[in-house]
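Chemist: The primary structure of each chain is shown beneath.
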Amino acid sequence: MKKYIPEWLYLPNMKPSDQIMWAIIAVEFVIGILLWQNQTFELLPKPLEVMAAFPKLLKQDLIYHLMVSFMLFLEALGIATLFSLFFAYFSRFSVGYPIATGVGLLRFLGMTGLTYLFQVTLGGGYILKLSMLVFGITVFYTVGMVSVVHDIPEEEFDHARTLKMGEWHVLYEVVILGTLDKAIDLLRQNSAMGWMMLTMVEGLVRSDGGIGTLLLNNDKHFDMASVYAIQLCILATGILIQFIIDLLQRAICRWEVRL
Amino acid sequence: MNNPIHYREAEPLLRIQNVGLTLNGQVILRDVNAEILDVIRDVDEVDRVNKVKQGQVIGFLGRSGIGKTQLFRILAGLQKPTTGQVLLGEQGIPVERGMVGVVAQNYILFDKRTILSNLMIAATQAGDTKQVAKERAMTMLERFKLTDKANAYPKQLSGGQRQRIAIAQQILCNNHYLLMDEPFSGLDLVMKGKVSELIQEIAQMDEKNTIIVVTHDVSEASSVADELWLMGRDRDSDGNEIAGSKIKMTYDLKVRGLAWQPGITLTREFLDFTTEVKEKFLSL
Chain A
5 MKKYIPEWLY LPNMKPSDQI MWAIIAVEFV IGILLWQNQT FELLPKPLEV MAAFPKLLKQ
65 DLIYHLMVSF MLFLEALGIA TLFSLFFAYF SRFSVGYPIA TGVGLLRFLG MTGLTYLFQV
125 TLGGGYILKL SMLVFGITVF YTVGMVSVVH DIPEEEFDHA RTLKMGEWHV LYEVVILGTL
185 DKAIDLLRQN SAMGWMMLTM VEGLVRSDGG IGTLLLNNDK HFDMASVYAI QLCILATGIL
245 IQFIIDLLQR AICRWEVRL
Chain B
1018 MNNPIHYREA EPLLRIQNVG LTLNGQVILR DVNAEILDVI RDVDEVDRVN KVKQGQVIGF
1078 LGRSGIGKTQ LFRILAGLQK PTTGQVLLGE QGIPVERGMV GVVAQNYILF DKRTILSNLM
1138 IAATQAGDTK QVAKERAMTM LERFKLTDKA NAYPKQLSGG QRQRIAIAQQ ILCNNHYLLM
1198 DEPFSGLDLV MKGKVSELIQ EIAQMDEKNT IIVVTHDVSE ASSVADELWL MGRDRDSDGN
1258 EIAGSKIKMT YDLKVRGLAW QPGITLTREF LDFTTEVKEK FLSL
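If you're matching them up, the sequences are chains A and B in order.
Yeah, the first sequence ends on 263 if you go by my numbering, and it's all consecutive.
Yeah, the second sequence ends on 1301 if you go by my numbering, and it's all consecutive.
No lab work stands behind these hints: they were computed from the structure.
There's no promise every hint is true.
[Stated by the list, open to error] Okay, derived cross-link-like pairs now, BS3-like style, lysine-lysine, Cα gap no bigger than 27 Å in a straight line:
| no. | chain 1 | residue 1 | chain 2 | residue 2 |
| --- | --- | --- | --- | --- |
| 1 | A | 168 | B | 1097 |
| 2 | A | 168 | B | 1147 |
| 3 | B | 1295 | A | 168 |
| 4 | B | 1172 | A | 168 |
| 5 | A | 186 | B | 1172 |
| 6 | A | 168 | B | 1265 |
| 7 | B | 1172 | A | 19 |
| 8 | B | 1211 | B | 1225 |
[Stated by the list, open to error] The calculated label-pair distances, taken between Cβ atoms and stated as ranges, are:
| no. | chain 1 | residue 1 | chain 2 | residue 2 | range |
| --- | --- | --- | --- | --- | --- |
| 9 | B | 1080 | A | 117 | 35 to 43 Å |
| 10 | A | 157 | B | 1251 | 31 to 39 Å |
| 11 | A | 7 | B | 1082 | 46 to 54 Å |
| 12 | B | 1043 | A | 155 | 21 to 29 Å |
| 13 | B | 1043 | A | 112 | 48 to 56 Å |
| 14 | B | 1175 | A | 56 | 52 to 60 Å |
Remember, predicted model here, so these are calculated numbers, not experimental data.
Yeah, the Cβ is synthetic: ideal placement off N, Cα and C, and Gly gets one too.
One chain only, chain A, in its complex shape (with noise of 0.2 Å):
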């Protein structure tokens, strides 16, 4: 019998042709669609009242709101990579390395007290927004860097002092340039959690709009297709931006192409 079957149909660790894996994601994903379409949760809309939404919301200047919110987060993206470098390379200096850790313990913080703090010290509305993204994308993005500039092998510093390069010229060497692949990967995975805070953050201030205020307003009114649908919208723009910073670390990283 089992010679009928395909052994990446069953067994572990299989490669399949990259036109049979585009078909598993094809056939997985009708079967997705189909499990929605029929699933029996009243609460649920299904696949086709979720798309009739998007006319309504349309109306309700749901591209506004996108941008509103991509332009924000890209903001708070852009600050938060240049801090967590920033404490990441400076974790390298003895008085650095406890301030970076430091940095990172802060991922354990509830935002509930910081919202306060965040308004009294630097102000309300948008920046209240963006440095409440910044500090949520700072905390993880630092810790994930300090342990990539800690697990640089003691060897690569040698072979950079090896050829006469004093301690600064090893830190762009090896600690910058060398792990230049790594922050992009990093990159990648806190833009995420940046992405998945936004519509909480736009929560807290909404007179700017923003995709997580169309959300709130209408998960308000109990417009569930309206919010499965605003909900799509940020997973296709979450997918979009992962995309765009695959493409960028292609376009940066061209030492990883073998041949």
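Given chain A, put chain B in place with the hints provided.
Modeler: Below, chain B alone, put in the same frame as chain A:
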């Protein structure tokens, strides 16, 4: 016995004087002393016309955990000894990092740079202008037959190619001293032969070139070296090891007529010699 090739020894190129190392209260090295002299072969024994540029190749042997790596780091100026010093050249300049090239076992390169860039950065570190650095880098690529890899990245090279680039990089940056950590490790017989040839080639690039090959492999070390150093520990009267390793034994292959002779590894004398060294190696 093979007829030894005529040579004379000139000024010291490297001196290890009473080097000791204690880390976290543990004695790693104790009273390590050794000297490498400039060996000069006046006449090529093959055609008796050309003067041979003959660098020095030292095989540095010791079992695992004996402190080879620490001594290696001290020789490269990457670790300061607790006592003693390592002096380079006739003037006896204390070693500092950057004076001695190091080729690590895993042939470390700057993976984010192209091969040409890896070599150019080494040359610029040695003080060359960008233009000169590029010329020297290209010459080195030609010498190692890797010109077509100039714009490739290290991850695109085979292990053997990577090793040659790692050596080229160190030669471009450091004057005459090269430490090679386990260059034969994990290689098949063909590759071992190629690495031996490469070491000989580097040694003959310049009279002052001095290569120290750190290895467990007695046969391979004997096939390339003109001198062997064996690391070990002293024992007390009860036969217990005393903490701290040192160079316990040296073998001069030149004196025995086992150095610089093509095909020597197939002779009875060479096999007897490696057996003798292996027995000593195990007893230290």
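Chemist: All hints are to be evaluated individually against the structure, with a verdict given for each.
Modeler: Tested hints:
For the hint pairing residue 168 of chain A with residue 1097 of chain B, the CA-to-CA distance comes to about 16 Å; that is within 27 Å, so the pair holds. For a cut-off of 27 Å, the pair hint linking residue 168 of chain A to residue 1147 of chain B stands: about 16 Å separates their Cα positions. Taken as a hint, the residue 1295 of chain B and residue 168 of chain A pair is broken in the structure, with Cα atoms around 37 Å apart against an allowance of 27 Å. Our distance criterion of 27 Å between C-alpha atoms is met by residue 1172 of chain B and residue 168 of chain A, whose separation comes to about 24 Å.
Taking the CA atoms of residue 186 of chain A and residue 1172 of chain B, the gap is near 16 Å; set against the 27 Å cutoff, the hint holds. Straight-line distance between C-alpha atoms of residue 168 of chain A and residue 1265 of chain B comes to about 32 Å, which puts the hinted pair past the 27 Å bound. With a CA separation close to 24 Å, the supplied pair residue 1172 of chain B and residue 19 of chain A stays within the 27 Å bound. For a cut-off of 27 Å, the pair hint linking residue 1211 of chain B to residue 1225 of chain B stands: about 22 Å separates their Cα positions.
Between residue 1080 of chain B and residue 117 of chain A the beta carbon distance is about 59 Å. The supplied range of 35 to 43 Å is therefore violated. At roughly 33 Å, the beta carbons of residue 157 of chain A and residue 1251 of chain B sit within the given window of 31 to 39 Å. For residue 7 of chain A and residue 1082 of chain B, the hinted distance range of 46 to 54 Å is satisfied, since their beta carbons lie about 53 Å from each other. The hinted range of 21 to 29 Å is satisfied by residue 1043 of chain B and residue 155 of chain A, whose Cβ atoms lie roughly 26 Å apart.
Between residue 1043 of chain B and residue 112 of chain A the beta carbon distance is about 38 Å. The supplied range of 48 to 56 Å is therefore violated. Taking 52 to 60 Å as the suggested C-beta distance range, the pair residue 1175 of chain B and residue 56 of chain A conforms, at roughly 59 Å.
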